[in-house]
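These are the residues of each chain, in order.
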Amino acid sequence: MRIRKKALAGKISLLIVLLLVGLVAVGCTGIRGSPEGGTGATVADGTVFLSPSLKQAGGFGCSSPAVEGKLVSVSAETGVQRWEVPLGGAAPSGGFGCSSGATPVAVYGNPTLFEDLVYVAGYNGKVYALNSESGALRWVYPREGNMDPIVSGVVAALDKLFFGCADGNVYALDAATGDMLWEFATEDKIWSTPVIDGGTLYLASFDKKLYALNAADGTLKWEFDAEGAFASTPLVYNGTIYIGALDRNFYAINAADGTKKWEFKAEKWFWTKAVAFEGTVYVGCFDDKVYAFNALSGEKVAEFDLESPVRSWPVLAEDRVFVATEEGKIYTIDMVNNQLGLFADLGETIYAPLSLSDGVLYVYTQKQNLHAFNATSGVRLWNQPIN
Amino acid sequence: MDIGGIWNLIAMQPVINTLVVLTHFLFNNFGLAIIALTLIVNGAMFPLTLKQIRASKAMQEMQPKIAELKKKYAKDKEKMAREQMKLYKESGVSPAGCLLPMLIQMPIWIALFQSIMRVLAVIPENLAGLSQYLYSWPVVYSALPLNNHFLWLNLATGDIFLALLVGGTMWVQQKMVMAPTIDPSQKTQSSLMLWIMPIMFAWLTLSFPSGLAIFWVTSNLFRIGLQYWIGGWGGLVKSSPKRDNGRDKKYKQRIASVEKASTGDADIVPSSAQEEDLSYEESGDKRPDSGGGSPKSPRDTKPKSRRGGSHRRKRG
Numbered sequence: 001m002r003i004r005k006k007a008l009a010g011k012i013s014l015l016i017v018l019l020l021v022g023l024v025a026v027g028c029t030g031i032r033g034s035p036e037g038g039t040g041a042t043v044a045d046g047t048v049f050l051s052p053s054l055k056q057a058g059g060f061g062c063s064s065p066a067v068e069g070k071l072v073s074v075s076a077e078t079g080v081q082r083w084e085v086p087l088g089g090a091a092p093s094g095g096f097g098c099s100s101g102a103t104p105v106a107v108y109g110n111p112t113l114f115e116d117l118v119y120v121a122g123y124n125g126k127v128y129a130l131n132s133e134s135g136a137l138r139w140v141y142p143r144e145g146n147m148d149p150i151v152s153g154v155v156a157a158l159d160k161l162f163f164g165c166a167d168g169n170v171y172a173l174d175a176a177t178g179d180m181l182w183e184f185a186t187e188d189k190i191w192s193t194p195v196i197d198g199g200t201l202y203l204a205s206f207d208k209k210l211y212a213l214n215a216a217d218g219t220l221k222w223e224f225d226a227e228g229a230f231a232s233t234p235l236v237y238n239g240t241i242y243i244g245a246l247d248r249n250f251y252a253i254n255a256a257d258g259t260k261k262w263e264f265k266a267e268k269w270f271w272t273k274a275v276a277f278e279g280t281v282y283v284g285c286f287d288d289k290v291y292a293f294n295a296l297s298g299e300k301v302a303e304f305d306l307e308s309p310v311r312s313w314p315v316l317a318e319d320r321v322f323v324a325t326e327e328g329k330i331y332t333i334d335m336v337n338n339q340l341g342l343f344a345d346l347g348e349t350i351y352a353p354l355s356l357s358d359g360v361l362y363v364y365t366q367k368q369n370l371h372a373f374n375a376t377s378g379v380r381l382w383n384q385p386i387n
Numbered sequence: 001m002d003i004g005g006i007w008n009l010i011a012m013q014p015v016i017n018t019l020v021v022l023t024h025f026l027f028n029n030f031g032l033a034i035i036a037l038t039l040i041v042n043g044a045m046f047p048l049t050l051k052q053i054r055a056s057k058a059m060q061e062m063q064p065k066i067a068e069l070k071k072k073y074a075k076d077k078e079k080m081a082r083e084q085m086k087l088y089k090e091s092g093v094s095p096a097g098c099l100l101p102m103l104i105q106m107p108i109w110i111a112l113f114q115s116i117m118r119v120l121a122v123i124p125e126n127l128a129g130l131s132q133y134l135y136s137w138p139v140v141y142s143a144l145p146l147n148n149h150f151l152w153l154n155l156a157t158g159d160i161f162l163a164l165l166v167g168g169t170m171w172v173q174q175k176m177v178m179a180p181t182i183d184p185s186q187k188t189q190s191s192l193m194l195w196i197m198p199i200m201f202a203w204l205t206l207s208f209p210s211g212l213a214i215f216w217v218t219s220n221l222f223r224i225g226l227q228y229w230i231g232g233w234g235g236l237v238k239s240s241p242k243r244d245n246g247r248d249k250k251y252k253q254r255i256a257s258v259e260k261a262s263t264g265d266a267d268i269v270p271s272s273a274q275e276e277d278l279s280y281e282e283s284g285d286k287r288p289d290s291g292g293g294s295p296k297s298p299r300d301t302k303p304k305s306r307r308g309g310s311h312r313r314k315r316g
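Protein chains in written order, with this note's numbering: chain R, 1 to 387; chain Y, 1 to 316.
Because the hints were derived from the structure by calculation, they are not lab data. Glycine included, each C-beta is placed from N, C-alpha and C at the ideal position. Just to be clear, a hint being listed does not mean it is correct.
So, partial list: chain R residues that the calculated Cβ filter (under 8 Å) puts toward chain Y [unchecked claim]: (1) Pro35; (2) Glu36; (3) Tyr108; (4) Arg143; (5) Phe206; (6) Asp247; (7) Phe264; (8) Glu267; (9) Trp269; (10) Leu356.
Please work from the sequences and hints to get the whole structure.
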C-alpha cells in the first residue's frame, strides 16, 4: 500500500514538474501579460506631469501588475512630488485565471495641457481631465463604462481633444466638457497619436492608412495607403508628413493631397516619431539606427548605429537632437556636423518619449525613475522614483 | 551568442515567421495558421511520435513480466536491474524509446507555444518586442500586426468553451492509452491520473490566450487520431478490440520470442497477460484465476483467456 502511495505521489510530482517546466517555458519568453505603459514628462509652468509605468509582480505567465495607474505632478526644479491622482474606473477584462480582474490603467501617451486642465488617456479605455494645479478630476470620458484600450496620446487644439482608440476610431471631444463632438472610423486599431496642423488632423492606423481629416468636423480630406500598419506618430514639417511604418518604410507624404514624395526602407520597424531641423529629418528605428534624411529629396545624409532599438521619441535642443535607446543610453547628434556623442548611460530601459523644457532634459525609465539633466552640460540635476 | 540568442535563432524565429506567413496565406486568419502549423509540426514529428507510442505500448505489454521480476528479486536490486535490462534487450524494447522522442519533441512544442504567445502581441510592449524576431521578408512585414479574431474567439483571451474542449480531448486521449484494470486501488490511481492532467490544462487554458488552446486542441485531436490508428479506441471503449497495426509486430514478435525462450523458465509471466494483469502483479493481490496454458503469442490471447486465466506460473 505504501509503495502504491509512493508511486502515486511520484506521478503527481512528475505532473507538477511538467507544469512548472511549462510555466518556466512561458516565463522565459519575456512576454508580458499586462500593459506596462509609462509616459514621458510634460512640462509647463515649473511642473512636470507624467503617468508612471506599472510594475509587474514578476512570476510567469500569470504575473499581475498593480491595477491602478495614476497621474503624478512633480516640481520641475527639484523633482519633489506635488500631487498624485489615481486613475480609477478600470474595465473588467472578463477573463479568467491570470487575466481575471480589472484591466490595469496603463498610460502610454504623454499628458497634454490645455488651459487649466491636464489630460491623459488610459489603456482602460477612459480619458481623464484634471485640474493641473490641484489634480481634481474635472471630467472623464466616457462617463459610464469603458472604451477599447487607448494607447494613443491625447492632442489638444481648437478647444477640442483628439485621440485614437483600439476600436479603430478617432474621437474629437469638447476639451472643456468632455462631450463627444465627432468620431471617424478606420478599419483597424489606432495606437498612433494624431497630429494637428492648421485645421487638419493627421492620424495613422493599423489598417495601413494615413488619414487627413478636417479637425472641425472629422470629414476625410485624403488617405494614403502604405504597405504596412502604422504604430508611430506623424511629423508635419514644411508641408510634408514624415512617418515610419511596420512595413519598415519611412514615408514622406505631401500634406496637401496625400501623395508620396519619397520613401526609405530600413531593416526593421519604425516605431518612434521623427524630428526635423533645417531641412534634415532624423528618425530612430528598431534596427538600432538613427537615420538622417534630406527632407526634400529623401537622400540619406547620415546614419548612426546606436546598438540598441530606438523606441522613445527624440527631442530637439538648438542644434542637437537627443535620442534614447531601449537599453538606456542617451545620445546627442550634432546636427551641424552630424556627430554622434554619448550624453548619458542610465542602464535603465527607456520606452517613454524624451522631453525638453527650459534647457532641462527629462527622461522617464521603465525602472520608474524620472531623471532631469542639464541639456547643455549633461549634469544630472536630480532623479526621482515615480511609481 | 548566449543560450537565449541561440534559442531565438534556431527555434523562435523560424516558428514565428512561419506563423506569420501562414496567416498571410490563410486569409489573414491567425486561428487557421495555428491549426495549420500545429498539424505541420505534428506531421513532421509523426515518425517520432509513432515510435514513442509504440515503444510505450510495448513497455506496457512487458509490465507483467517486469512486475514479476520485481517480485522475484525484491531483495536483490542489482540482480533485478540486470534481469530487467536483459529482458528489455531480449525483447528489443528500449526504455529510452519512450523518452528520447519525447525529449526531442519537447523543445519544438515549447518553441511553438512561446511563438504563439509572442505573435499574439496584443499590448504595445509585446508587439514592439516581436520586431526582433522577424525575418526581412516583405510578406511578414505586411501581415503584422495579426488579427486576433477567429470564429467567436478573441485569440488573446481565455475562453471557457475552448477550456472544456482542451480538457475533454485530453481526457479522451489519456483514456485511450490507459490500461484497463479491475484492481480497485489501481483503478483509483489511474482515474486520478486520468483527471488531473485534463483539469490542469483546462484551468491553464482559461488563464492563457485561446490561441494556445487551439494549439492544444489540434494537437490532442491529432494524437487521438494517431492512437486510434495504432491501437483503436483502446481504453475508451470497454469492448473495443485492439487494432493491431502491422508495424507493432516488430515489438510483439520479439516479446513473443522471448516468451518462447523462457517457457522453460516459468519465472516470467508471458506477455499475453497484458495490461489487465499488471495490477495483480504490482499489488501482489491474488488473481481471481489460476492455471491454464500459456499462449504462443500476444495475438493468440483472447480477452476471455486474459481474465479467465490460462497462465501457469510459479510464484517466486
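How the hints compare with the structure:
Because the smallest distance between the Cβ of R:Pro35 and any Cβ of chain Y comes to about 4 Å, under 8 Å, the interface hint for this residue holds. The closest approach between the C-beta of R:Glu36 and any C-beta of chain Y is roughly 5 Å, which is under the 8 Å cut-off, so the hint is satisfied. For R:Tyr108, the shortest C-beta to C-beta distance to chain Y is roughly 6 Å, which falls under 8 Å, so the interface hint holds. Taken as an interface hint, R:Arg143 does not check out: its beta carbon lies about 26 Å from the nearest beta carbon of chain Y, beyond 8 Å.
Residue-level restraint check for R:Phe206 holds (minimum Cβ-Cβ distance to chain Y is 6 Å; threshold 8 Å). Given hint, R:Asp247 at the interface with chain Y, holds; its Cβ is 5 Å from that chain's nearest Cβ, closer than 8 Å. Annotation: interface hint on R:Phe264 violated; nearest CB of chain Y at approximately 14 Å, more than 8 Å. The beta carbon of R:Glu267 is positioned within 8 Å of a beta carbon in chain Y (closest approach about 7 Å), and the interface hint is therefore held.
With 8 Å as the threshold, the beta carbon of R:Trp269 comes within range of chain Y, its nearest partner Cβ sitting at about 5 Å, so the hint holds. A least Cβ separation of about 23 Å between R:Leu356 and chain Y goes past the 8 Å threshold, and the interface hint is therefore violated.
In the structure shown, a violation is registered for the earlier hints numbered 4, 7 and 10, in ascending order.
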